[in-house]
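Student: Protein chains in written order, with full-length UniProt numbering: chain A, 1 to 252; chain B, 1 to 209; chain C, 1 to 228; chain D, 1 to 64.
Just so you know, these hints were derived from the structure itself, not from any lab.
Just so it is clear, the structure is predicted and the values come from calculations on it, not from any experiment.
C-beta: ideal position from N, C-alpha, C; glycine also.
Errors might be hidden in some of the hints.
In silico SDA-like pairs for lysine to any residue, Cα to Cα no more than 25 Å straight-line [to be verified]:
id : chain 1 : residue 1 : chain 2 : residue 2
1  : A       : K217      : D       : R44
2  : A       : K24       : D       : A29
3  : A       : K239      : B       : P22
4  : A       : K11       : A       : I172
5  : A       : K239      : D       : A11
6  : A       : K239      : B       : P26
7  : A       : K11       : D       : R36
8  : A       : K217      : A       : G248
9  : A       : K24       : D       : H57
10 : A       : K91       : B       : E40
11 : A       : K217      : A       : T125
12 : A       : K11       : A       : G76
13 : A       : K239      : D       : A27
14 : A       : K239      : B       : L172
15 : A       : K91       : D       : R38
16 : A       : K91       : A       : L72
17 : A       : K91       : C       : A220
18 : A       : K11       : B       : L65
19 : A       : K217      : A       : W123
20 : A       : K91       : A       : R132
21 : A       : K91       : A       : L41
22 : A       : K91       : A       : E236
Sample of chain D residues at the chain A side, in silico, Cβ under 7 Å [claimed, not checked]:
id : residue
23 : A17
24 : P32
25 : L43
Calculated Cβ distances over 12 Å to all of chain B for the following chain A residues [as the list claims (entries may be wrong)]:
id : residue
26 : K11
27 : G23
28 : V35
29 : V39
30 : L41
31 : V120
32 : M122
33 : V174
34 : N182
35 : L210
36 : K217
37 : E236
38 : A247
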Amino acid sequence: MSSWIPLWLHKLGSPPTFYRFAGKLRPWMLALAIVLGLVALYGGLVLAPPDYQQGDDYRIIFVHVPSAWMGLFIYGVMAVSAFIALVWRIKLAEVVAMESAPIGAAFTLITLITGSLWGVRMWGTWWTWDARLTSELVLLFLYLGVIGLYHAFEDRRQGARAAAFLALIGIINVPIVHFSVNWWNTLHQGATIRLFGPSTMSGSMIWPLLTMMVATKCYYVFSLCSRVRADLLALESGKDWVRQIAAGETAR
Amino acid sequence: MTVATPPLLAASALSFYRQDEPVFGPLQFELHPGQLALVEGDNGSGKTTLLRVLAGLLHVGEGELFWRGEPLRRDHCAAEIVFLGHQLGLKGDLSPRENLHIAAGLHGARDGMDPARALLDVGLAGYEDEPVRRLSAGQKKRAALARLLMIPAALWLLDEPYANLDRHGIALVNRLLEGHVAAGGAALVTSHGAVSFHGGEPQRIRMHA
Amino acid sequence: MNQAPLGRACAAVLRRDLTLAWRRRGDIAMPVLYALIVTTLFPFALGPENALLQRIAGGAVLVTVLLAMLLALDGMFRSDIEDGSLEQLVLAPQPLALMLGMKILAHWLTTALPLIVIAPMLASMLQLPAAVMPVMLLALALATPMLSLLGAVLVALTAGTRRSGMLLALMLLPLCVPVVIFAAGALAAAQQGLPWIAPIAWLGAALALALVLAPLACAAALRIALDA
Amino acid sequence: MTQFLAMGGYAVYVWPAYAIFLVVLLADALAPVLRRRRVLRELRGRLARQAARQQRHADTATDA
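The whole structure should be built from the sequences, with the hints applied where relevant.
Tutor: The structure is reproduced here in structure tokens:
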């Protein structure tokens with residue numbers, strides 16, 4: 001292992017240490033996510049005034065926009081840990097990358113459905129080939145490809161490495177897709193109405209949005225912790241520390 | 001043979017893991033030019049895995065490999081190692097001659113050796129232009145063995161070379177191995193059958209299940 | 001003893017794959033037949049109205065060719081894995097990326113080239129104006145190698161899995177979206193009498209990049225997928 | 001309250017959006033819990049089998 005990686009990080013990379021660390025972090029992150037989420041919902045649904053153009057309909061953005069951000073953010077996290085997993089062959093990085101994918105897919109799915117709900121009112125149809133929605137759809141396919149490839153292998157670690165490689169190809173692809181879809185949209189003069197226009201945002205709308213963004217980040221850390229813990233138990237089932245946990249839970 | 005010549009291939013504390021379960025090892029051995037090693041062990045003791053690790057198809061789990069005394073680097077030794085596994089690497093739609101031409105194109109050929117001669121040596125004269133898929137299992141094996149004669153490699157890694165062969169075929173493998181070892185080559189052979197080898201007592205590598 | 005020179009090794013791989021394809025020429029005809037069938041279905045589904053067919057002709061031909069290529073993609077390394085030739089290729093003392101590049105070239109020559117050859121026929125069945133034909137051929141000539149190269153990387157990734165046709169389509173879709181957009185964009189522009197050079201240039205640039213990077217990625221993917 | 005629930009006439013769009021958000025995330029949070037239970041159950045089964053085998057070995061050893 002390279003010497004520039006601090007010792008504590010190296011230690012955290014060992015499965016039993018990370019398992020305990022994630023176990024301690026998990027409830028705090030969940031509590032934080034729930035509290036911040038409730039505050040954001042109150043701010044967004046009750047305190048923020050109706051938009052003078054769109055009425056109350058715009059309130060969908062308080063879940064739509066943070067989910068869209070998370071979809072991209074999680075793909076970034078997945079790609080970075082995929083890179084670490086491939087270069088340094090660290091098991092924990094593989095697990096983090098592979099367990100991030102379903103969470104990212106969930107957020108992308110939320111983005112698509114809420115975007116479509118908003119679209120019904122704006123465009124009068126459930127689906128329109130708007131550049132952003134199309135990009136989100138492609139992002140969902142990228143996630144599904146990574147998840148599908150991971151599960152196609154008999155050997156979990158081999159699957160993780162192959163899927164990590166696919167995630168890296170995908171991260172190069174994301175900006176290309178975004179660029180090409182935008183070009184395609186201008187070519188065919190499609191709808192260019194944006195759900196998240198900066199001009200119409202007032203302070204009372206922005207703070208619930210930002211709070212919700214932090215809440216979703218906390219939720220992601222929480223969900224990732226639970227997933228990585230479950231995955232580590234399965235992957236390391238031959239090791240002593242896992243046996244102790246299994247034995248401890250029977251005693252209770 | 002002097003002590004100063006480093007072993008062709010050496011392994012130190014070599015082991016391999018699959019899903020954190022040890023498949024074999026730690027293994028320790030040295031293979032000198034002109035030496036034959038038999039890898040012995042029961043089914044599932046990791047013989048095939050060892051050969052695949054040595055060939056470079058699998059990553060070394062733990063421990064180190066040395067090639068002519070230096071830490072092994074694949075780009076240095078790839079030309080000198082030939083691997084013959086369970087899958088023979090022959091295209092069924094091509095003739096033995098065409099298959100050997102491809103092997104020679106990828107690996108190079110020994111001086112004065114051509115596909116026709118190699119096929120004659122393994123007893124496939126008359127079958128040079130028959131598609132491989134029409135050959136019997138033993139004949140396919142012989143066609144694969146012809147590759148060993150064709151390719152200029154110092155180390156042969158043979159996984160179960162005796163499988164599917166009749167008495168004459170087994171004698172052929174032994175003859176090929178003796179010739180290779182006499183010419184200063186080395187070979188690592190897995191087999192769960194008895195091997196009667198006339199060119200001196202082979203080194204034995206024991207795998208534990 | 002003599003080492004095999006690089007040129008001879010490339011020629012050996014290319015010749016082998018072309019010979020194999022020739023021995024099974026029936027398989028070469030399959031994607032072509034498939035493209036023909038799909039193209040025939042469009043008028044039945046949409047009605048034989050010339051103006052409508054003309055409008056969709058470019059895109060329909062492009063998507064048809066893409067699907068036909070996808071059909072053949074799965075088999076790119078399949079038989080080589082089954083009989084162990086791929087192991088021998090990986091172990092050969094030659095740059096793996098270059099050898100795989102030759103395999104991809106052979107695959108393109110045997111699956112995409114026949115499709116390009118019959119593309120004008122498919123296009124005229126759908127009433128594409130003759131003036132747009134050269135642009136379509138140019139777009140196909142740039143788009144199909146892209147698909148072969150990208151597809152090869154993904155096929156290499158699935159090399160360690162059981163049959164994976166649907167998964168391959170799922171993985172390829174995000175990668176081929178930009179290719180389809182630019183190729184169809186060029187066609188649409190040409191059909192409307194607008195300048196079509198820009199999307200073709202983008203495709204060309206992407207192809208140049210893919211020609212260099214995809215074989216390397218393919219080699220890396222194959223090593224990951226076989227390492228078990 | 002009714003006015004709040006009506007969302008200015010857009011209740012049909014706003015509330016499903018929030019419901020989807022909560023339902024999807026809830027399902028996402030629940031999945032690892034169930035998975036963890038399954039993994040531990042399988043593991044306990046394996047440990048029990050191993051213990052039983054060792055017990056048998058010990059018994060035959062004392063018998064002999």
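Student: Each hint should be assessed against the structure and marked as holding or not.
Tutor: Taking the hints in turn, this is what the structure says about them:
no., hint, result
1, A:K217 <-> D:R44, "violated, 34 Å"
2, A:K24 <-> D:A29, "holds, 17 Å"
3, A:K239 <-> B:P22, "holds, 12 Å"
4, A:K11 <-> A:I172, "violated, 31 Å"
5, A:K239 <-> D:A11, "violated, 53 Å"
6, A:K239 <-> B:P26, "holds, 19 Å"
7, A:K11 <-> D:R36, "holds, 24 Å"
8, A:K217 <-> A:G248, "violated, 32 Å"
9, A:K24 <-> D:H57, "violated, 41 Å"
10, A:K91 <-> B:E40, "violated, 33 Å"
11, A:K217 <-> A:T125, "violated, 31 Å"
12, A:K11 <-> A:G76, "holds, 24 Å"
13, A:K239 <-> D:A27, "violated, 30 Å"
14, A:K239 <-> B:L172, "violated, 47 Å"
15, A:K91 <-> D:R38, "holds, 22 Å"
16, A:K91 <-> A:L72, "holds, 24 Å"
17, A:K91 <-> C:A220, "holds, 19 Å"
18, A:K11 <-> B:L65, "violated, 28 Å"
19, A:K217 <-> A:W123, "violated, 31 Å"
20, A:K91 <-> A:R132, "violated, 35 Å"
21, A:K91 <-> A:L41, "violated, 38 Å"
22, A:K91 <-> A:E236, "holds, 10 Å"
23, A17, "holds, 4 Å"
24, P32, "holds, 4 Å"
25, L43, "holds, 4 Å"
26, K11, "holds, 19 Å"
27, G23, "holds, 21 Å"
28, V35, "holds, 39 Å"
29, V39, "holds, 44 Å"
30, L41, "holds, 44 Å"
31, V120, "holds, 49 Å"
32, M122, "holds, 51 Å"
33, V174, "holds, 30 Å"
34, N182, "holds, 42 Å"
35, L210, "holds, 43 Å"
36, K217, "holds, 33 Å"
37, E236, "violated, 7 Å"
38, A247, "holds, 19 Å"
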